[in-house]
Amino acid sequence: MTTSEPLRLTPAERRFLAALRERASHGKRTGARWRKLAVRVVRELHHEHAGRAGDHELPPRLLLRTLKRLQAAEEISFVAGSDQEKVELPQHIRVFVPPVTPLDRPAMPPLHARMSRVAAEWNQKGRKPHQLAAYIAVNDWLLRGPDPTPLPMCERSLEVFGHPAHLGHFPEPEKALRDLNFGWLFRDRGQLRDFLHLVRAEPPLLNEWYPAKPQERGYTAMRRGDILLVVENYTTCWSLTKALTSVDHRLGYLAWGIGKSFASSVRSIRPDHGIGAIRYFGDLDVSGLTIPVRAGDQARAAGLPPIVPVTELYDALFRLGTPLPGKEAVSPAKAEELAAWLPERHRARAVGLLVRGERLAQEWVNLRYLESATGWHTDVR
Numbered sequence: 003m004t005t006s007e008p009l010r011l012t013p014a015e016r017r018f019l020a021a022l023r024e025r026a027s028h029g030k031r032t033g034a035r036w037r038k039l040a041v042r043v044v045r046e047l048h049h050e051h052a053g054r055a056g057d058h059e060l061p062p063r064l065l066l067r068t069l070k071r072l073q074a075a076e077e078i079s080f081v082a083g084s085d086q087e088k089v090e091l092p093q094h095i096r097v098f099v100p101p102v103t104p105l106d107r108p109a110m111p112p113l114h115a116r117m118s119r120v121a122a123e124w125n126q127k128g129r130k131p132h133q134l135a136a137y138i139a140v141n142d143w144l145l146r147g148p149d150p151t152p153l154p155m156c157e158r159s160l161e162v163f164g165h166p167a168h169l170g171h172f173p174e175p176e177k178a179l180r181d182l183n184f185g186w187l188f189r190d191r192g193q194l195r196d197f198l199h200l201v202r203a204e205p206p207l208l209n210e211w212y213p214a215k216p217q218e219r220g221y222t223a224m225r226r227g228d229i230l231l232v233v234e235n236y237t238t239c240w241s242l243t244k245a246l247t248s249v250d251h252r253l254g255y256l257a258w259g260i261g262k263s264f265a266s267s268v269r270s271i272r273p274d275h276g277i278g279a280i281r282y283f284g285d286l287d288v289s290g291l292t293i294p295v296r297a298g299d300q301a302r303a304a305g306l307p308p309i310v311p312v313t314e315l316y317d318a319l320f321r322l323g324t325p326l327p328g329k330e331a332v333s334p335a336k337a338e339e340l341a342a343w344l345p346e347r348h349r350a351r352a353v354g355l356l357v358r359g360e361r362l363a364q365e366w367v368n369l370r371y372l373e374s375a376t377g378w379h380t381d382v383r
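In this note's numbering, the protein residues as written are 3 to 383.
The reader is advised that the hints may include incorrect statements.
List of simulated lysine-lysine pairs, DSS-like, C-alpha gap at most 30 Å [stated by the list, open to error]:
hint, residue 1, residue 2
1, Lys336, Lys244
2, Lys177, Lys127
3, Lys336, Lys177
4, Lys244, Lys177
5, Lys70, Lys336
6, Lys70, Lys177
7, Lys70, Lys38
Since the hints were derived computationally from the structure, they do not count as laboratory data.
Build the full structure now, drawing on both the sequences and the hints.
Following this line, the structure appears as structure tokens:
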């Protein structure tokens, strides 16, 4: 007689389960117990942890499939009753919240001199394990003797929290600093900027135009040539804008694609924009490759130039990036289909990433690299 192996949750499912537990235990006592959550809250958490920028509401069938897998893993249970929608979801679920034990609190490591104030907070009542883990990550970063060149928050966050030792608490390390707000270091945002040498990088206004002069910043119109370069995430778009002020380039436009939105917004390109080539740079994961593939289909239908990858920037991403857990894995056949958009020299590595369910965040190609390296300049000429 054989016993079946326990159901193995995907990294995305584990993150969603952690979010359910966090919300279910908020403000409650720490003993192990089953706690109830309304379907409205479950929907919000699922969209937050399974969606991406530019997504509209995720289809209920995806949520139902995930909930059934968590139920099969005996991590949640359904409460009787449904929401009476076309795809019926339970009105409530119960989430098993394990007890918080002393072992969950990590030991205080030897502290860098700049982190000495952490000692007074370590055993503070109410301090949570993931908050202590944030201090450990910053401490580890300081002990590595980092380059203090100022970087945007997402790029610095990836440097600090993108080490494998910290991914259990920070599965999307490029977003960690944005979400932390506690204690002497993370609550005061001005102090945090000074401490971690951050520069402010704000998303551009979509209708904003700046001439491409060295003393001015440019998001949308560079006015030097006929190339449109689209970048998936706004931090990398900002860093490219700053780096391009000293580069002899042929860009007519540099655009923030707003995640999946580019697959639709590409059709807004008009003949009077004078665009002769469209180039794209995004994350290396399932979504990051699906975006340009779908946008390319739309571009062909509209009679626009093909959407091609920026070869040197993807070279840099493979060279500089550390693979992180992704939101989904795909079959080898699907991975090869998506990777076919990339230059041939990148395809095998991309297929390996996608099949393993890993990703490379484009923020690894940060401002420091863009201002010091020159190889990527061929992508904008």
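Each hint tested on the structure:
{"no.": "1", "hint": "Lys336 with Lys244", "in the structure": "36 Å, violated"}
{"no.": "2", "hint": "Lys177 with Lys127", "in the structure": "26 Å, holds"}
{"no.": "3", "hint": "Lys336 with Lys177", "in the structure": "28 Å, holds"}
{"no.": "4", "hint": "Lys244 with Lys177", "in the structure": "21 Å, holds"}
{"no.": "5", "hint": "Lys70 with Lys336", "in the structure": "24 Å, holds"}
{"no.": "6", "hint": "Lys70 with Lys177", "in the structure": "28 Å, holds"}
{"no.": "7", "hint": "Lys70 with Lys38", "in the structure": "16 Å, holds"}
Hint violations for this structure: number 1 only, all remaining hints satisfied.
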